[in-house]
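**Student:** So the chains spell out like this:
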Amino acid sequence: MDVVRLLLDRRLWGGAGPACAVLLILANAYIARLERGFQEERRANLLMMTNPAEGSVATSRYDWSVGEDPGRYWAQIPDASQQPLVIVSGMSQMYAINDPQPGDEIIAEHLDDALSPHGVRAFGLAAPNMNNEEALLYFVATSFQAQTRPTSFVYGVCFDKFRNVDLRPGLMGLLRERPGLRDAWSAVCASRSIEYPMACAKMRTALEDTPGNGPGPREDDVEHRLRARLGLVVPMIGDGPDLNAKAQLDIFLFRNWLFRIKATSKRPLLESVYRLNQEFLGLMAEVAKERSVTLVLYVIPLNPGADNPYVSEQYLAFKSWLQGFASDRGLPFANLEGVVPHEDWGLSNGEPDFKHFRERGHELVANAILDRFGEILERARPAVRDVGADR
Amino acid sequence: MIFTSYTYLLFLSAAFLLHWSLPKPLRNPLLIVLSYAFYCSWKWQFGFLLLAVSIFTWSFGALLARRGGSRGLLALGITVELLPLVYYKYAGFLATNATALVSVFGSRWRAQVPDVVLPLGISFFTFQGIAYLVDIANGEAPIRRGDHFLLYKAFWPQLIAGPIIRPHEIREQIAADRQIEYPDISEGAKRILNGFFKKAVLADTLAPYVDGVFQTTARPAALDCAVGTLAFAMQIYFDFGGYSDIAIGSARLLGFRFPENFDYPYAASSPQEFWNRWHMTLTRWIRDYVFTPLAFASRRKPKLALVWLVLAMALCGLWHGGRWTFVLWGIWHGGLLLATQTVLRKLWPRFDEAKSPSGPVVRLLAWATTMLAVCAGWVFFRAQTVRQAGAMFRAMLTMRGGLRPAVMRENGVLVVASFCAGLLLFQVLRPRLQRVAERIAGYASGYRMMKAVFYAGLILSIVVFERDVQAFVYFQF
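Protein chains in written order, with my numbering: chain A, 52 to 442; chain B, 5 to 481.
Hints in this document: simulated from the structure, not taken from any laboratory. Since the structure is predicted, the reported quantities are computational estimates derived from the model, not experimental observations. A portion of the hints provided could be inaccurate.
Unchecked claim - One-sided and incomplete, this derived list gives chain A residues near chain B with beta-carbon spacing under 8 Å: (1) 249; (2) 252; (3) 392.
Each residue gets a CB set at the ideal place from its N, CA and C atoms; glycine is no exception.
I would like the entire structure built from these sequences, with the hints used as guidance.
**Tutor:** So, in structure tokens, the structure goes:
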């Protein structure tokens, strides 16, 4: 047989192949030893959340996967058909706690604590670097059906997130797996394409990029199962995402070193992406009106004692635009920029963190939200018609 | 089943072991079954289309041979070959344009745009079928055995996106008692590894930057357009080059040798040289089955050949899909080839006349202008609409936004610039690197170890940097 003849060929065993295989085995052994380090790095990363134990998913009051697997936490959203619901959404500031201590609570949890006695529940849906397209997806995903439709959707608007677009894989998964959400998403972009051409075209692209789960097994299911199985026995594959994150971080740090970039180096806005994000916010306001949900906007707090990467004229123009936007559409709005004093912020890479505060900051922001919007958040909403039914 | 997936690696490994373990008479049938399994893993219904087209081409080829290559019969055969392609790929394009055309005359008639899924590889297996019929009409013997023909048509490494194999290149390999030797394994594995790296690490890293700039929603500045176009130039090269490497490597593991599809196209110093290095099997298909017959038919009017050149390239563009942007891309390249032979002959010396222009400055100028022209063509190719392409050219020509991006983050610009620098450096250093490799090849054990470290590094980088299984760009064609 040819296979046997080939196996007996001395050139096969004397070539680079076997040496390469030995090197890969050694690399795998080394990576297996790094596994614990990866876990610790994840824990130390402010922007990532370590998943709670399986049992505590049921008691979570926000999406612990922070956008990686929101479907897992969807069932934990308090039933909005039973009591008024407040969704609290935004970027990493909404959940990241500098110098965390056991028992610390984030903004959404503080709000839930304060609102529960009034018969209102709050739930957090945030993700690192969340942009307005993603916020719109969360908004549509929660508001299109009765069980998750909030009375208020509190959105902490962050200037530098206007530099981002695209849905992250976790949110694309949400769009892929929920036909009702797909329909609602599709309906929004179909009905508003004249006023919001760029955002609606982008929404259509998102739909095309995430074809819905048709009947029968999908090819990538086989691939994903295979990868998962291989990952159990080959550390290089199983730890691929962690290795990738580490490599990306090293490249990022190398870039910073090479170009002397700091966290506070000025990052000017990207005109086209900025306009797109403005349109997405406009769409949120439209959907809110249509679904009788109160969209509450606020400018997120920044560390008054730290420099930030914003070009000041652009940041001022942004705040002024956002205030005008909220006023034109009659949306509750507040600028919470200065509500957290300098001492309640932590450090990032040895320098004052301009965007992530300690637990006290979460409490102060929650209080500020209650101060400004408490009456609105406690209000019930008139019943509206359901668009879809999947949950 | 995407080539750069673990599923494909498993499939290929099983195919390799089965193929070389089975008795020789069973190997071709096995490859046919596996090829159809591969094709049907995407959408099983289209397996019947492939089978029907194969049976038609084979039986019609036999008929054509019996009738001595009748031109009328050939025309009929080509028409039938083109029918599925026209239906699945161009029906929407034709309907949209027919509607637009009649609306010019005030009619409100609207042609129905059929909502069909494009069968994978249809452009490739249609061209393969046409080549087969034309070759028979020109006197080549048809493939007698049906199983050999089925394998020629369906053999999976070339089925979805080429290389476009012509009958004479593979018929003997199908009929022969194929042997596998160590160099086949070594070369095949090396090509597959190269292909994985090009696709999963290089092309897929560039893809998000390209998508961002070329999204219809974007309003890119000049810098975005320039960097996005450069990124696409590299993305499509690494993507399709990677695909071709995996196709050639997979075939080699099964004892077949496929023609090359790419030969460092971005080292070309003229558009003509570019087309001798880019998608080489398509270039020669267009040359042999479109341009040459037209030029031969009008051989008494040699100047007409220049018109046929542009027409052939426009058809080459249209082959990529029913969009005017592709046609414009083809016409653009036809125009460049025309200029190479006429007004810009001195800037771009003909490939077969002089391999290198007189001096390094002239050569550098020829190379730089060629790259500029090729990249300008990529704007047409990648843009969703002619309007978008126009807007991008306008942004670049008016330097919209100065040196500040409006879509791409600064990181994206840096990544693309690093890729460009890397590719450029590799192209410049390639001859020297080859010489160094040849020199150290004499130190057997050291060389072996160096290769092992290099391949292990490639595998590790593929595993670390690949995101998820991403479809190849050329699958849409």
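**Student:** Take the hints in turn and mark each one as holding or not.
**Tutor:** We went through each hint and held it up to the structure:
Checking residue 249 (chain A) against chain B by beta carbon gives a least distance of about 4 Å; that is within 8 Å, so the hint holds. Taking 8 Å as the C-beta contact cut-off toward chain B, the hint placing residue 252 (chain A) at the interface holds, the least distance being around 4 Å. Below 8 Å, beta-carbon pairs count as interface contacts, and residue 392 (chain A) has none with chain B, the closest being about 32 Å; its hint is therefore violated.
Hint compliance for this structure: hint 3 is the single one not met.
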